[in-house]
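Here is what each chain is made of, one letter per residue.
2 protein chains.
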Amino acid sequence: MAQIRDVAKLAGVSPATVSRAYSDPSKLSESTLHRVLAAADELKYKPSSLAQLFREKRTNTVLVMVPDIANVLFARVVSGIERVAVENKYNLIVSDTGDDAAIEAVGVEMVETYRADGVIQLGERPLSELHPEGEQCAIPFVQAISADPRGRYPTVGIDDRKAAGMMASYLLSQGHRRIGVLAGLENRVVTQERLAGFKDSLAAVDVPFDEVAVEYDTYSMAGGERAATRLLSRKGDLTALFCMSDEIAIGAIRTAHDQGFILPRDLSISGFDNIEFGKYCTPPLTTVMQPAEQIGEVAMSLMCDILRGQTMPKTHEILPTELVVRASVQKLP
Amino acid sequence: MAQIRDVAKLAGVSPATVSRAYSDPSKLSESTLHRVLAAADELKYKPSSLAQLFREKRTNTVLVMVPDIANVLFARVVSGIERVAVENKYNLIVSDTGDDAAIEAVGVEMVETYRADGVIQLGERPLSELHPEGEQCAIPFVQAISADPRGRYPTVGIDDRKAAGMMASYLLSQGHRRIGVLAGLENRVVTQERLAGFKDSLAAVDVPFDEVAVEYDTYSMAGGERAATRLLSRKGDLTALFCMSDEIAIGAIRTAHDQGFILPRDLSISGFDNIEFGKYCTPPLTTVMQPAEQIGEVAMSLMCDILRGQTMPKTHEILPTELVVRASVQKLP
DNA sequence: ACATTCATTACAAACGGTTTCATTGCAAGC
DNA sequence: GCTTGCAATGAAACCGTTTGTAATGAATGT
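Top line first, the protein sequences correspond to chains A and B. Each residue of the first sequence is one higher than the last, beginning at 0 in numbering that gives the first Met the number 0. Each residue of the second sequence is one higher than the last, beginning at 0 in numbering that gives the first Met the number 0.
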């Protein structure tokens, strides 16, 4: 591979001049610029990013830590991050953490050893290691898909409590009073927020909250199946299931079908996230739209701001959600 | 950030010794090693990857080009690539090409400018730019999810023709004779291979192939909906739909439901890929299992071999597929 | 005609490690 | 006792850019 020296020699100038031909062409005379460019072209010269980045002490790379890249919601967020990254000439190193704290800790190291300029974390694991002693965050960091307002670092997400409340209100407005909850993992902030929103709406219309009608499991279709199986065997009188994710809802639909329920006649089911498959369920899933791509875009924009300005804004961006009414929730007479 | 000089000074040795303490500790005496490590620890010294990589002229990074990261099949392949990458201490730069050739060309450049050591491409765009003049491939390159045996570069995938034939044979064995085909994009090798496999099986039992019963569209749920709508309005007598992907099948199921078909009684539908959602369809989707994660793993292993050995094996790894029988295909009387 | 300014361009240091080669000191072999 | 060999370590070169500073020369002003 040709390098800057070769070009300089061929063009009869110094390496510095060649370098400036790229970084600030206005500093060169018309004729020299032309000569340099021609020489570079002839030798097919491409500056070594490795050398450039080493000099600049920047990597132009952002690390994205994803609990599970095969999860469609996360994949869409990554997609949004990508779009903005490309626009701003950043590369993305994607790390599938598998929800493993050990792998996540590597993220900090990658920034410290100059392999990445910053970290975007999807999901809510707080990564306490990243933020020693409650001080200002040590490295450029943005958390997406979790808008924990108590966090000390910038976050991008939705108002889970409000969004869940919106869906619960809708179920109530359709006449449902005995509503089961298929929750995700109990120890997640997301789960607690959505549960709180659900309770808010019940309280607002004086419907008592039935603690027994809540089943926790993983945020997955398999989790939805398991949770639904347990709940339906325990509570036979429910008219609706409030599911904390579309995947959970899809699992619940499978279980309900298998148990002979006719949907939505015998049981209404609502989801959360609005993944594409929900539209293709039978019946099509009523859910809450979470702007996944946009969350990714905003997160990456924030990261760009941080990297450019070196300041760490303490914002908590809350993006709007929307009720998506389809056919899986029925209006009771 | 502390650097090697600081550690050397504190330990009372030369930078070279500190360097060796990491790269080949056996070269140091017990006491020096201990002293160096203690000093490094005290200063929280982390060698700068940027400097190391610059010296070594390697990036320890592989570029993965994905047509659409939000596609579950691709996401699973990436997941498999990830696993092997982590094992071998490689980082992954993931680029969502959006099926755009311009972005894909950037891949070559990233290797040429030392931003990545090699490229794994998902999907089948041939990227002729990568392989100028039919010579041995210029940069470390592996293509996954497409086992085009005519390619000059290593590939990992399945035998699409055989797999499609297997499914077609199954449909035939269940008594279906008037089978419609919902194909993906017509100009893709994958599509042509699967169609060929379909024809193979028909020919084997002397069932004539009906050219009119093929509809092409994108490999997506929306594409499946559109294609199914067109096909069903044109051909009323079909007993089964052979879909070239699960997403297409899921779209077709939606369309069939909407048109009042009772599935699978009135119409059998088969998919291809075995994505997780197929299991949760109504009815659960009969499909062909494609080992997506494994394809990713093999692709990355191949890449590791190439990067280590500098040789570009001309293998075409064919991974096994499996018929997954669920409920969306009915046995005709 | 000479000083001054400005536009161009060259020179050389710097970035932070790794590695080659040379040096030192000590133990073993004759 | 002197040579030889080996283990341990240091000095310095090197990787390919960028950039601060100096040098050059032409143009301008007086």
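To be clear, the hints were calculated from the coordinates, so they are not data collected in a lab. It is possible that part of the hints are untrue.
Remember, identical chains collapse to one label, so a pair may be satisfied in a single copy or spanning two.
[To be verified] Simulated crosslink set (DSS-like; lysine-lysine; CA at most 27 Å straight-line):
#1 K56 with K88
#2 K43 with K56
#3 K45 with K56
#4 K234 with K43
Computed from a prediction, not measured in an experiment: that's the story for all the values here.
A quick look at each hint next to the structure:
no.: 1; hint: K56 with K88; result: both (16 Å within a copy, 22 Å between copies)
no.: 2; hint: K43 with K56; result: both (26 Å within a copy, 19 Å between copies)
no.: 3; hint: K45 with K56; result: both (19 Å within a copy, 14 Å between copies)
no.: 4; hint: K234 with K43; result: neither (72 Å within a copy, 57 Å between copies)
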